[in-house]
Amino acid sequence: MKQISKVVSTFALLTTLSAPFAQAQSVTSYGANSHVQVNQLARYDSKTSFGESGTEIVSYDAANQQAYSINGALNALDILDMSQLTQGQLPLKKRIFLKDLGVEGSDITSVAVNKKYHYIAVSIPAKEKTDNGIVAFLDKDGQLISKVTVGALPDMLTFTHDSKKLIVANEGEPNDDYTINPEGSISAIHVNKTGKIKQSDTKTVRFTEKTIPSNVRQLGRNAHESFLNLEPEYVTVDDNNKFAYITIQERNAIAKFDLKKDQIVQVKSLGYKSYQEHTIDVSDKDKKINMKNYPLLGMYQPDGIAHMTVKGKTYLLTANEGDSQDYKGYSEETRIADIADQFDLNSEYLRSTSLEVLKDNKGLGRLKTTTSQNFVNKDGKFTVPVTFGGRSFSILNANDMNLIYDSGSDFEKITAMADKDAFNSQQETIGKIDFDSRSDDKGPEPESVVTGEINGKTYAFIGLERVGGIMVYDVTNPKQPVFETYFKANDNGDISPEGLTFIDAKHSPTKQPLLLASHEMSGTIAVYALSSK
1 MKQISKVVST
11 FALLTTLSAP
21 FAQAQSVTSY
31 GANSHVQVNQ
41 LARYDSKTSF
51 GESGTEIVSY
61 DAANQQAYSI
71 NGALNALDIL
81 DMSQLTQGQL
91 PLKKRIFLKD
101 LGVEGSDITS
111 VAVNKKYHYI
121 AVSIPAKEKT
131 DNGIVAFLDK
141 DGQLISKVTV
151 GALPDMLTFT
161 HDSKKLIVAN
171 EGEPNDDYTI
181 NPEGSISAIH
191 VNKTGKIKQS
201 DTKTVRFTEK
211 TIPSNVRQLG
221 RNAHESFLNL
231 EPEYVTVDDN
241 NKFAYITIQE
251 RNAIAKFDLK
261 KDQIVQVKSL
271 GYKSYQEHTI
281 DVSDKDKKIN
291 MKNYPLLGMY
301 QPDGIAHMTV
311 KGKTYLLTAN
321 EGDSQDYKGY
331 SEETRIADIA
341 DQFDLNSEYL
351 RSTSLEVLKD
361 NKGLGRLKTT
371 TSQNFVNKDG
381 KFTVPVTFGG
391 RSFSILNAND
401 MNLIYDSGSD
411 FEKITAMADK
421 DAFNSQQETI
431 GKIDFDSRSD
441 DKGPEPESVV
451 TGEINGKTYA
461 FIGLERVGGI
471 MVYDVTNPKQ
481 PVFETYFKAN
491 DNGDISPEGL
501 TFIDAKHSPT
511 KQPLLLASHE
521 MSGTIAVYAL
531 SSK
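Numbering of the sequence shown is given in the working numbering, commencing with residue 1 and proceeding in unit increments.
Treat the hints loosely; a few may be bogus.
SDA-like, lysine to any residue: derived pairs with alpha carbons at most 25 Å apart [claimed, not checked]:
1. Lys129 x Arg221
2. Lys94 x Gly72
3. Lys116 x Arg95
4. Lys242 x Glu225
Pairwise CB distance ranges, derived in the manner of DEER restraints [stated by the list, open to error]:
5. Thr208 x Ala62: 15 to 23 Å
6. Lys198 x Asp258: 55 to 63 Å
7. Ala223 x Lys203: 21 to 29 Å
It should be emphasised that the hints constitute simulated quantities derived from the structure, not laboratory data.
Please read these numbers as outputs of a predicted model, since none were measured by experiment.
Where is the CB? At the ideal position from N, CA and C, for every residue including glycine.
All chains should be modelled from the sequences, with the hints used to inform the complete structure.
In structure tokens form, the structure reads like this:
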């Protein structure tokens, strides 16, 4: 952290790179002495309404030079032509509507490419999200090959690197009344070269109580609900195809899945970060950047997860977005001020804190907290406030899933200097940035993370859903990452990066490393050319 702080203290506008094609936009990169150069090469606009998720997740097939983009606004899959990037174009080749696939469902949530056999898989929740969902296998042109049933609400899927299996995270969210709450699960689908997959090739694995350690935070009104609220979110597979790692976001945990045995072998609690050690902005009512220390713990609660291999060891990288259960039938969300009298002011964390501090809406009182947490004394009072999300990215040793690095408060510190007008902001309408409006919630909300190699160095790219830009860190040494740059489109045309895809130089249509960033709010995909000096 000291190393990063030195970078922030010398923060400066590095350069403005004008995109050479009309379809792209200019990009501003921030960071002193950055080795990474970024240029927006091309751009796709789904032409959907703002805020309707016209682009969400994007995947790339090098053999056919096609990208596949989830279009949530139209319940469709957009097939994009990546062969024309050198002319600054990313045109739509074909749009496949869910209704035309002959598969009943409510949405398409994710897409993955089988890189050996060059067909794709898409996840499709049922019309009633609490029912079992579908995974459909399509050819390169979007024609249905086969389909299988998986668990409730399949949210993300990925093929193993040997193209022999597809791993699906079935989130299993409850209905809004909280009367139906399906189990979260993980599906392992044995695939083949044709994509003609049978139901017998599919194994859906559920959690068992013995795999859930007591330090995984409780969530729900009772132990049974808490067990049901294990909701798999995002998947990464190690390079040896031995294990898949799946984020359990709301429960602040990661599951380890044995790919040979097709079973969940471990669920690991990620623990908490202390805001007595790190600073945080906690209120949207003071209308200023106000980073301070507080008697407060933060759950990491990662959404996106990626991996990298360094000297034979596997490391996990997480984007610590944060999330909560907030339904009509049950909600864990409240503000610290609203339950101030439920805290034990004699506890170790709060003994130097007054009731007035806990009620201050221009300070700690405004912050969203959970009523479903493990820090409770014998009288049922909370001994410390706990908030949602780490506002950071982390690196873990995959072997034991122990934390070896966290970026701490860097994202808020960096954006405060690089793009202060958009600090902890959201943009719900075009051209209107609500400064400081997310400080009371989850701050910049790091959503997704990918890794990629440029000129022999490994970099992590972390998309900030609310602020809208992308952080870049040199993670060649996973124990000592170095901040490189933070970049975003100048005119805010690309808003809310949801999914990131790195394409290495070998498989790139331009023979240079590329980053695809799909933006949920604006319904656009930016293609960034990357280089290092």
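Review point. Which earlier hints turn out false for this structure, listed by number in ascending order?
Key: Hints 4, 5 and 6 are the ones this structure does not satisfy, whereas the remaining hints hold.
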